[in-house]
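Given the coordinates of chain A, assemble chain B onto it according to the supplied hints.
First to last, the sequence lines map onto chains A and B. Under our numbering, read the first sequence as residues 1 to 241, first letter to last. Under our numbering, read the second sequence as residues 1 to 327, first letter to last.
Quick caveat, the hints were computed from the structure, so don't treat them as lab data. Each hint should be verified, as a subset may be incorrect.
The list that follows gives simulated cross-link-like pairs (lysine-lysine, DSSO-like), each with its CA atoms no further than 27 Å apart [to be verified]:
#1 A/Lys86 - A/Lys52
#2 A/Lys127 - A/Lys106
#3 A/Lys127 - B/Lys311
#4 A/Lys86 - B/Lys311
#5 A/Lys72 - A/Lys127
#6 A/Lys86 - A/Lys114
#7 B/Lys318 - A/Lys127
#8 B/Lys317 - A/Lys127
#9 A/Lys114 - A/Lys127
#10 A/Lys86 - A/Lys127
#11 A/Lys106 - A/Lys72
#12 B/Lys322 - A/Lys127
#13 B/Lys311 - B/Lys322
#14 A/Lys52 - A/Lys114
#15 A/Lys106 - A/Lys154
To be clear about the criterion: a stretch of chain A counts as covered by chain B if any three or more of its residues have a C-beta under 8 Å from a C-beta of chain B, and this derived list gives those stretches [claimed, not checked]:
#16 25-39
#17 184-196
Covered stretches of chain A, as calculated for chain B (at least 3 residues, CB under 8 Å) [claimed, not checked]:
#18 59-65
#19 73-82
#20 102-108
Positions of the beta carbon are idealized from the N, C-alpha and C atoms, including for glycine.
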Amino acid sequence: MLSVRGIHKAYGGLQVLTNVNIEAPTDRITGLIGPNGAGKTTLFNVITGFVKPDSGSFSFNGRDLTGVAPEKVCVYGIARTFQLVKTFNNLTVEKNVAIGALSREKTIAQAHSKAREILNFLGMNHKRAALARNLTLSDRKRLEVARALATNPKMLLLDEVMCGLNPTEINGMMEVIRAIHRTGVGILLIEHIMSAVMSLSDHIIVLNNGQKLTEGNAEKVSHDPAVIVAYLGEEYARAYN
Amino acid sequence: MLEKIINNKVKIIAFLIFVIAPSLLSKDDFYAGILFQTLLWAGMSGTWNLLGGYAGQFSLGHAAFFGIGAYTSSLLASGLHLTPWLGMLAGASLSAMVGVILGAICFRLRGHFFSLATLAFGQIVYIIALSWRSVTNGSEGVLIMSSPGWSEMAFNSKMAYVYLALIYMLIVVGVSFYLDRSRLGYFLVAYRENDEAARAIGVNTFLARVIVSGISAFLMAAGGTLYAQYMYYIDPDSVLSIALSVQAPLIAIVGGLGGALGPVFGSFLILPMTQMLRAWLGTSFSGLHLIIYGVILIVVLLLIPEGIFPKLTEYLKKRTEKENSKC
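Pulled out of the complex, with its shape left as it was, chain A reads as follows (with noise of 0.2 Å):
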């Protein structure tokens, strides 16, 4: 169970994050919304240690881990991808997995062949010997999920992970992302793709300028007001009604 309780934090004048209370537990596959700036990429910068929040905290499984360094982070179990993808773009596939997998690991040739068996089961056995920067975009968002997967994470923070896909390479990745929470990690999402979102998450949290909107599932979230009203603009809520 993540669970975050009042968080806030500031850049300088500007309140990103506004007393943010959310819980997900590791059985669910828990999706985040909300329009851009909303505030759900600090959310996750906070929760993996980048960003120090003003107050708050944040813990996992009951052990806090608020203001705890990214690398430690990732030892308790918590593992995310990027919204613009960072993978080491001059190694291999392999290679980039491989360090991942080094966190639990000793020797490279363990973490070589835990690699080898994360690539397989995403499917990308067959471009381990490519390097990072020939992928497609597509690959890349895949590789950098099996980097993390590499890590033996219960918990997989994903930003915005289908983002830039074509229809039949979302599809791909919720594929993923199902048979990934199927071996029994959590699943924490932003998606901007709503019919990926309503079809993937068991529940869903709303931010909205860095407070909580709402939460629920699918159903109860897509026909909230306060919702719309946040997506489409007062106008729109009032002719949808």
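Then chain B, alone, in the frame of chain A:
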């Protein structure tokens, strides 16, 4: 596939031996001198490459470590009559400590600011050596007076130094090959490629860089002692000048960054060239050798920005693949 790569490496090493062999045969001091410089610089540049190439931390202050090594062993020898072998160890250890501390401070800086900080550090050490007269003798430098022999690390024949430099280079290459297949090496490369991504998958990029900074400083200082013993004389300009801090990365860039053999190639290309050019043109057209050297560097960097060694291995690989597809 792996056999092919090893095969290529054998070819490359054979080529290197080809370059070395004639000089080994000729007992000419001029060529032995060039060979010493070439091997020493191959090692020094390889040492810089541990930090600059693998981790992408572009130090412009490595002359400081070289100077610390040269001065420590020389001062211990002249003042306390300590054998340069132990002096080398003392200098290298001191340098490693400085490297770790410098790293711990400067690795907080990003990108170019790290390079600028190391540049400043190099100048600080230079100025200390220049002004701390009571210890370093200032600009007069330190003269190393020792009777030839193994225990004094002083030899009549230049070839002895050549072999020492060869051993030095091989140690550096060995360390680089170790990095290629070790956790530390993987972590450094991950940092170079993307710090945030590396940290997100559990890599302590800061610690990895501090460790390699110590290793790099250690080996650079050892090179400094070798140089001091070869020259019998050091002063701030010969072992601490900014030119040394620039030459180390330059050789690595020309040869190829982030691999074990790139700097070796760079050194075998650049050092003999500069020394020969200076010998041929230095007296008749003073300064012309530097112009030619500069032009050659620009051309190489424009045509082969990734470095000569990676380009060459790629070419050899393609050719063997072509040959294989024929039969």
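Quick rundown of the hints versus the structure:
no. : hint                : result
1   : A/Lys86 - A/Lys52   : 21 Å, holds
2   : A/Lys127 - A/Lys106 : 25 Å, holds
3   : A/Lys127 - B/Lys311 : 23 Å, holds
4   : A/Lys86 - B/Lys311  : 26 Å, holds
5   : A/Lys72 - A/Lys127  : 30 Å, violated
6   : A/Lys86 - A/Lys114  : 21 Å, holds
7   : B/Lys318 - A/Lys127 : 19 Å, holds
8   : B/Lys317 - A/Lys127 : 19 Å, holds
9   : A/Lys114 - A/Lys127 : 16 Å, holds
10  : A/Lys86 - A/Lys127  : 18 Å, holds
11  : A/Lys106 - A/Lys72  : 17 Å, holds
12  : B/Lys322 - A/Lys127 : 22 Å, holds
13  : B/Lys311 - B/Lys322 : 17 Å, holds
14  : A/Lys52 - A/Lys114  : 32 Å, violated
15  : A/Lys106 - A/Lys154 : 20 Å, holds
16  : 25-39               : violated (count 0)
17  : 184-196             : violated (count 0)
18  : 59-65               : violated (count 0)
19  : 73-82               : holds (count 5)
20  : 102-108             : holds (count 3)
This entry does not satisfy hints 5, 14, 16, 17 and 18, going by the numbered hints stated previously.
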